[in-house]
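2 protein chains.
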Amino acid sequence: MVLQKRVNLQMVCIVEIISIGNELLIGKTANSNAQWLARRFTSLGGQVRRIIVVGDALDEISSVLEDSLSRKPSLIITTGGLGPTFDDMTLEAIAQTLKAPLSINEEALKMVREKYHQYEATTGKKIDLTPARLKMATLPKGAVPLPNPAGTAPGVLLKARESRIIALPGVPMEMEAIFEGSVEPLVREAAGDVFICERSLKVTEIMESALSPLIDEAMHDNPHVYIKSHPKASEPHPWIELHLMTASESKDTAEKRVEAAAEKISQLILEHGGKVVPLKL
Amino acid sequence: MVLQKRVNLQMVCIVEIISIGNELLIGKTANSNAQWLARRFTSLGGQVRRIIVVGDALDEISSVLEDSLSRKPSLIITTGGLGPTFDDMTLEAIAQTLKAPLSINEEALKMVREKYHQYEATTGKKIDLTPARLKMATLPKGAVPLPNPAGTAPGVLLKARESRIIALPGVPMEMEAIFEGSVEPLVREAAGDVFICERSLKVTEIMESALSPLIDEAMHDNPHVYIKSHPKASEPHPWIELHLMTASESKDTAEKRVEAAAEKISQLILEHGGKVVPLKL
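If you read the protein sequences in the order shown, they are chains S and Y. If you read the first sequence in this note's numbering, its first letter stands for residue 77, the second for the next number, and so on. If you read the second sequence in this note's numbering, its first letter stands for residue 77, the second for the next number, and so on.
A portion of the hints provided could be inaccurate.
As the list makes no split between identical chains, a pair holds if one copy fits it or if it spans any two.
[Stated by the list, open to error] Taking lysine-lysine and the DSSO-like style, the derived pairs with C-alpha atoms no more than 27 Å apart in a straight line are:
(1) 186 / 201
(2) 278 / 202
(3) 175 / 332
(4) 340 / 202
(5) 351 / 235
(6) 351 / 191
(7) 340 / 175
(8) 148 / 217
(9) 308 / 235
(10) 235 / 278
(11) 356 / 340
(12) 202 / 191
(13) 340 / 308
(14) 308 / 201
(15) 201 / 340
(16) 308 / 191
(17) 327 / 278
(18) 202 / 308
The set of hints was computed from the structure by calculation and includes no laboratory data. Source: prediction; values computed, not measured.
Whole structure, please, built from the sequences with the hints as guidance.
What follows is the structure in structure tokens.
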């Protein structure tokens, strides 16, 4: 959740997500990784501040990384560009940005070699460590490889100035597996105990423009709860989703805050001729 | 498609997309607008260079706009933040960035007023032009409103330094309607006659790391075609999608190029023990 001047949320683990891949820029692929990560970070008490999608181009990736580092987020997560093909260039871009030269990382090499041993055992075929395969174990200086339970290319963790960069593969199953195994504990540690509470209401028979001053009033009375209206233009019965969200160190406090704000906005909507029902998230 | 040193595509209409909304940063909503726009721009011969997702925060939006302007794309498209609520602040951010003060735009006011007249006629209720409603007709100096056939808030077009900024609503139906009516002709004009040809192949029984040098060879022989491998890790039958794409002023040339590249890579894959079948896009 983005910090609002009007909503007093104290998020300490700021995250930027960099999604790498031409397929995202030509609209061939939905950026489901970014949405999945955004959802997970938010539920762990992290705050995603920006998502940047960039193509498989070394200078572009490097420039995006440089900009992101200058904003000093706690974590910079990249997805994509860790594989064996010529256009997998995330690690080269990180190396260039941090001036941390690439070389074979022994721990990563062990991980990659083990994967190919497993494939050899399964398929009965001999698999050589070709340059394309060694590339997945070629990391910037100072990097730590993160085990990939669902594929070959390890994830990569690096301290970089005031941030940590974590590079994850673009294949969703691999990205999610490395996240759950190696990233989730880091986020929990950085974010501390934060509970997120959210709720959605389905609002009908009132226009968004009429709802606007009611949201202002409800947020004034409930300064810790962020209320956002999402018009759903599905004619002939348009309706609005109202999404309420808060964060607190106490689960009980978070729930009570959202409850109070939901009650207030519902009451205002009824007074102004609208209708409200709970909406399953 | 991002320009590759190894692929000689001469795209002239460079686009950056800025998606605005906290719901995208908390992972509540998929950024389907960005994917839809990327697909449309690419098919019209435009090249999307970056997609940036940012929250409903004035200084954040303004900073992203400033960065984007400094890269001098032909078009900067924003989605979201045009509605009547307190956190719809795209136009305020544009005004701040361009130092173009906000005021009621008479043409936009006419559009908004007409919409409310229609609603009044349909519902029989009187609808006042409250501050929340007037906000949708309050544009930065020099802006041109774009008719919204599917909703109330007009789109907004502005010349800004070496780029044009086009602000579209976040509701997909409204965004798409304004795009087709007002943006598509601009892109066609800027991009000129460009034909995009693409094809996908389904590859099995070969690992991505073994495919990598074959892609290098096929692209060396077919320098105008970009070939990208997308591993689909759906065990127990993993397979790879190979996506081939080119752009040309001639439809015939584009098709012939992709045909030749597909033939080359298919032949190489067969020679190396893999299997290939066409994949419906």
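Hints versus structure:
no. : hint      : in the structure
1   : 186 / 201 : within (19 Å within a copy, 72 Å between copies)
2   : 278 / 202 : between (59 Å within a copy, 24 Å between copies)
3   : 175 / 332 : neither (49 Å within a copy, 43 Å between copies)
4   : 340 / 202 : between (67 Å within a copy, 26 Å between copies)
5   : 351 / 235 : neither (51 Å within a copy, 42 Å between copies)
6   : 351 / 191 : between (57 Å within a copy, 23 Å between copies)
7   : 340 / 175 : neither (54 Å within a copy, 38 Å between copies)
8   : 148 / 217 : within (21 Å within a copy, 34 Å between copies)
9   : 308 / 235 : neither (43 Å within a copy, 31 Å between copies)
10  : 235 / 278 : neither (44 Å within a copy, 39 Å between copies)
11  : 356 / 340 : within (19 Å within a copy, 52 Å between copies)
12  : 202 / 191 : within (13 Å within a copy, 69 Å between copies)
13  : 340 / 308 : within (22 Å within a copy, 48 Å between copies)
14  : 308 / 201 : between (54 Å within a copy, 21 Å between copies)
15  : 201 / 340 : between (67 Å within a copy, 25 Å between copies)
16  : 308 / 191 : between (47 Å within a copy, 17 Å between copies)
17  : 327 / 278 : within (24 Å within a copy, 48 Å between copies)
18  : 202 / 308 : between (56 Å within a copy, 23 Å between copies)
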